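Chain by chain, the residues run as shown.
Protein chains: 2
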Amino acid sequence: MSTTRQIENDFFKSALAKGATVSSVPLILEWIKSKSSAMKTRIEPIPLERMRSWRFDEASGDIVHESGRFFSIEGIRVETDWGLVSRWEQPIINQPEIGYLGIIAKKIDGILHFLMQAKIEPGNINRVQLAPTIQATKSNCTRVHQGKVPLFLEYFNGERPVTIRVNQLQSEQGARFLRKRNCNMIVEVPEKEPLPVPDDFIWATLGQLKELIRHDNVVNMDTRTVLSGIPFGSYVGHAGESGPAAEHAGDHDRHFLRSLLDPENHLHDLDRIISWITGLKMRYHLRVTRLPLREIKGWEYNGGSIRHQDGKYFSVIGVDVEIGNREVQQWTQPMIQPMQEGIMAFIVKPIGGVYHFLVQAKLEAGNFDVLELAPTVQCLTGNYRTGKNEYAVPFIDAVLGAKKERIGYSALQSEEGGRFYQEQNRNMIIEAEPGFPIAVPDNYCWMTLNQLSTFIKFNNYLNIAARSLIAAVSF
Amino acid sequence: MSTTRQIENDFFKSALAKGATVSSVPLILEWIKSKSSAMKTRIEPIPLERMRSWRFDEASGDIVHESGRFFSIEGIRVETDWGLVSRWEQPIINQPEIGYLGIIAKKIDGILHFLMQAKIEPGNINRVQLAPTIQATKSNCTRVHQGKVPLFLEYFNGERPVTIRVNQLQSEQGARFLRKRNCNMIVEVPEKEPLPVPDDFIWATLGQLKELIRHDNVVNMDTRTVLSGIPFGSYVGHAGESGPAAEHAGDHDRHFLRSLLDPENHLHDLDRIISWITGLKMRYHLRVTRLPLREIKGWEYNGGSIRHQDGKYFSVIGVDVEIGNREVQQWTQPMIQPMQEGIMAFIVKPIGGVYHFLVQAKLEAGNFDVLELAPTVQCLTGNYRTGKNEYAVPFIDAVLGAKKERIGYSALQSEEGGRFYQEQNRNMIIEAEPGFPIAVPDNYCWMTLNQLSTFIKFNNYLNIAARSLIAAVSF
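Line order of the protein sequences matches chains W and X.
1 is the number of the first residue of the first sequence in the numbering used here; add one for each residue after it.
1001 is the number of the first residue of the second sequence in the numbering used here; add one for each residue after it.
Be a bit skeptical, because a hint or two may be false.
[To be verified] The calculated lysine to aspartate or glutamate pairs, modelled on EDC-like cross-linking and capped at a C-alpha distance of 20 Å, are:
id	chain 1	residue 1	chain 2	residue 2
1	W	Lys-297	W	Asp-57
2	W	Lys-349	W	Glu-433
3	W	Lys-138	W	Glu-97
4	W	Lys-106	W	Asp-216
5	W	Lys-138	X	Asp-1216
6	X	Lys-1040	X	Glu-1264
7	W	Lys-148	W	Asp-200
8	W	Lys-312	W	Asp-109
9	X	Lys-1281	W	Glu-97
10	X	Lys-1107	X	Asp-1010
11	W	Lys-13	W	Glu-191
12	W	Lys-107	W	Glu-8
13	X	Lys-1035	X	Asp-1216
14	W	Lys-138	X	Asp-1010
15	W	Lys-457	W	Glu-264
16	X	Lys-1106	X	Asp-1216
17	W	Lys-404	W	Glu-433
18	W	Lys-281	X	Glu-1097
19	W	Lys-138	X	Asp-1369
20	W	Lys-13	W	Glu-159
21	X	Lys-1457	W	Asp-200
22	W	Lys-457	X	Glu-1341
23	X	Lys-1138	W	Asp-369
24	X	Lys-1106	X	Asp-1199
25	W	Lys-457	X	Glu-1079
26	X	Lys-1148	X	Asp-1010
27	X	Lys-1281	W	Asp-369
28	W	Lys-106	W	Glu-159
29	X	Lys-1138	W	Glu-8
30	W	Lys-106	W	Glu-154
31	X	Lys-1138	W	Asp-81
32	W	Lys-281	W	Glu-79
33	X	Lys-1457	W	Asp-369
34	X	Lys-1107	X	Asp-1216
35	W	Lys-312	W	Glu-341
36	W	Lys-281	X	Asp-1369
37	W	Lys-106	W	Glu-49
38	X	Lys-1404	X	Glu-1431
Keep in mind that the hints were calculated from the coordinates and are not lab data.
Treat the numbers as computed from the prediction; the structure is a model and nothing was measured.
Please build the complete structure, drawing on both the sequences and the hints.
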């Protein structure tokens, strides 16, 4: 009755297709570059009070749009017994509306291709990055509001018949967004159905996209989170040493392949991992209280932006944006500007012949359910550089001091360019030195890719940093 | 590396052990009856204002304990586009502290037995019901508060070495509790470890417990929810027609066995079901706002209790409790009294040779994440009797009009007796007539037991009514 196997094989085949199909990786890189240089942009920071259509709410000091739509910047107080800081206050983005991140997939010459968009966002490094076919809000999709309808909307709102391949609710950055989630979708249109490709769109295989993720700031965060949710299934007895998959894969990659496809061999079974998560959710509490933005302690409005008093974490700034060629769009908006470059890294290690990822259970203020599964090291705030005890980061030395041959993946990746101003974080996958201990602290746990892929399916288990890294794993 | 198979076989073996082991089903029933008649109790409804240690908060009218502990009765306003009523107000129980529901398991003569407690609760029908080894709050377990420590606490708080078999966060009644969750645990102690069994405790196999659930109001709700989370695993190619499991099972039960153990055959695969849930979570919104209890519309304080103006749904009453033999405990507390008996029923149907359960995605006000998976029919409020259009209940006729030979399970089961006053609901599993359509409305979906068991593992997918029914499935 089920056709799971077929679907998963299609994704799998596409992941192995790295060479030239409709296009090729060098051509796609060229194409993005040409899109970027053809685009006229002027994006400059301005004092918050000079924004048009945005204002400080009189009662609270929150930054709100005059229409009451889009998003707002509000304040929260966080109280928790997790970590070394038990109480703090901070600005946070409140965007109640769920976003749709959707990619159209279609077989071309028998191989699934994904329709990617060259998209410019005001916060982007490199200006143009590869985005999903559509990035829209719920009200865009249901046409509640008048206004320009996004291209290809009809493939995602039920108007055109498609096969839904992926449809998951996934979290955004818990340190920056209050309980925000997006709907991550991949829909497949029939091979025979003509699908005209507009100027700013291009077909790519999954293998090509994974190659492109190895480049700095080419594939945007929205694409990476959608790709991380692709199910490859489990192939008992098929994975690993032989078969067509293994033939295509290098030595490193073959390890990942087995870790992805083998549901049987792992250090801890799924029930034990769920028990570990339950124990931590029971042990720690997270209490988040809304505060008027103007009342939060430790932050000051200074020189047109809201900054932490020690210059740490991030600032809330205004930007003035002018984008376009023939049609020029102009607007202003608040954005989050990070104070340093962060790092997110998985340490991996073969255990019993299968690659395991060292996963951290991490509490973040905006989390939907207290804790999410995060990379081994995740510091978005650059605190790891200070070396102060308050922010001692476990395993940071193993990441920063990794020998070159142990670095399986390292690239700078942007956060979502619609909210974050030129924020890039170092993404890394590091193979642990042979002596690296299997015993780890309480809030860490070794898992295979197969297990991580299972958790991704269910809401709010893997955080966006972990998903961004998993999207980069190629085989 | 993993010993999942072994663990699951232990549970499985215990589920097949229905005959006399340490005890037997008739003996356990006798024992409960004797416990019940030996217990002196006086439990009577009193006007809310005559409760001791509880008071109406001056500002809000909320019902609170003078210590600020335990729970409170507050008001909420619910706004949603799900169902036919788009806005209502109601009282709700707010109990921020997570409860522990824990059962000790131990092999006796090679078969896992569960240590059950004969427990009296003020709301219980039959006075004494079979409860988990321990029902405690987080502060009991961490000994934050002084006071009597629950028996066997040391097996659940890490003081004694045990093997954790089940440890899941599970939701309570979403129509009555505000986002309340309990930690459901099963811990195993080594076969050789002596474990003295106090007077009010008894060992039972899983098979015996499932037999006992077929009796009215014998196994309490806390036990049923813990048992529903037991993992039996998947046995590709093993399930169904032959093998030791099938030998022990009747014709009906063998179908359930295959539905439980076969991960390969189903109408919709897991990714498709998740996509269906995601779609519904995106489509519907749920907005819950706290209100002072005295301000909620449609409810009135009348004759010592808080009642709906039409006498519907439930009332908030006070009870005066006196329980005990040698040591007599006396207290008063608010409770929820239902206005009618409700019904919760799964319709099942063999599809492609495998039993499928017709699952409803149901929005309830107190849900943690908008929707949870519920039985085909779930009306706790007796509205199905009125036949009014406002509360038209899909599939109610197929349940109420089921022929006797199609009723696989039917028993009256109590809600949690610590909060709900003599609330019992008819629990049923009905085999659909052969012509019952496979096509179902948008918010219904056919799933196998194997799929339901997978969803149970992850937080907040199956609601407590669905779990109560799944605990009753025997094989």
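The hints, checked one at a time:
1. Lys-297(W) with Asp-57(W): With a Cα-Cα distance of about 18 Å, the restraint between Lys-297(W) and Asp-57(W) holds, given a limit of 20 Å.
2. Lys-349(W) with Glu-433(W): Roughly 8 Å between the alpha carbons, so the hint for Lys-349(W) and Glu-433(W) holds.
3. Lys-138(W) with Glu-97(W): 7 Å, holds
4. Lys-106(W) with Asp-216(W): 27 Å, violated
5. Lys-138(W) with Asp-1216(X): Violated - the C-alpha atoms of Asp-1216(X) and Lys-138(W) are around 47 Å apart, more than 20 Å.
6. Lys-1040(X) with Glu-1264(X): With a Cα-Cα distance of about 53 Å, the restraint between Lys-1040(X) and Glu-1264(X) is violated, given a limit of 20 Å.
7. Lys-148(W) with Asp-200(W): 17 Å, holds
8. Lys-312(W) with Asp-109(W): Not satisfied, since the Cα-Cα distance of roughly 51 Å exceeds 20 Å.
9. Lys-1281(X) with Glu-97(W): 12 Å, holds
10. Lys-1107(X) with Asp-1010(X): Between Lys-1107(X) and Asp-1010(X) the Cα gap is close to 9 Å, so the pair holds against 20 Å.
11. Lys-13(W) with Glu-191(W): 15 Å, holds
12. Lys-107(W) with Glu-8(W): Distance ~13 Å between Lys-107(W) and Glu-8(W) Cα, so the pair holds.
13. Lys-1035(X) with Asp-1216(X): 17 Å, holds
14. Lys-138(W) with Asp-1010(X): 47 Å, violated
15. Lys-457(W) with Glu-264(W): Holds, at roughly 18 Å.
16. Lys-1106(X) with Asp-1216(X): The given pair, whose Cα atoms are some 27 Å apart, is violated under the 20 Å limit.
17. Lys-404(W) with Glu-433(W): 12 Å, holds
18. Lys-281(W) with Glu-1097(X): Answer holds: Lys-281(W) to Glu-1097(X) is near 12 Å, not above 20 Å.
19. Lys-138(W) with Asp-1369(X): Cα-Cα ~17 Å, so holds.
20. Lys-13(W) with Glu-159(W): This hinted pair is violated, its Cα atoms lying about 29 Å apart.
21. Lys-1457(X) with Asp-200(W): 43 Å, violated
22. Lys-457(W) with Glu-1341(X): At roughly 37 Å apart (the allowed maximum being 20 Å), Glu-1341(X) and Lys-457(W) break the hint.
23. Lys-1138(X) with Asp-369(W): 17 Å, holds
24. Lys-1106(X) with Asp-1199(X): Holds, at about 18 Å.
25. Lys-457(W) with Glu-1079(X): Violated. Lys-457(W) to Glu-1079(X) sits at ~29 Å, over the 20 Å cutoff.
26. Lys-1148(X) with Asp-1010(X): With a Cα-Cα distance of about 34 Å, the restraint between Lys-1148(X) and Asp-1010(X) is violated, given a limit of 20 Å.
27. Lys-1281(X) with Asp-369(W): At roughly 16 Å apart (the allowed maximum being 20 Å), Asp-369(W) and Lys-1281(X) satisfy the hint.
28. Lys-106(W) with Glu-159(W): 17 Å, holds
29. Lys-1138(X) with Glu-8(W): Outside the cut-off at roughly 43 Å; violated.
30. Lys-106(W) with Glu-154(W): It holds: about 15 Å lies between the C-alpha atoms, which stays within 20 Å.
31. Lys-1138(X) with Asp-81(W): 15 Å, holds
32. Lys-281(W) with Glu-79(W): 15 Å, holds
33. Lys-1457(X) with Asp-369(W): 16 Å, holds
34. Lys-1107(X) with Asp-1216(X): 28 Å, violated
35. Lys-312(W) with Glu-341(W): Given that 20 Å is the threshold and the Cα spacing comes to 11 Å, the pair holds.
36. Lys-281(W) with Asp-1369(X): 16 Å, holds
37. Lys-106(W) with Glu-49(W): This hinted pair is violated, its Cα atoms lying about 46 Å apart.
38. Lys-1404(X) with Glu-1431(X): This hinted pair holds, its Cα atoms lying about 10 Å apart.
This entry does not satisfy hints 4, 5, 6, 8, 14, 16, 20, 21, 22, 25, 26, 29, 34, 37, going by the numbered hints stated previously.
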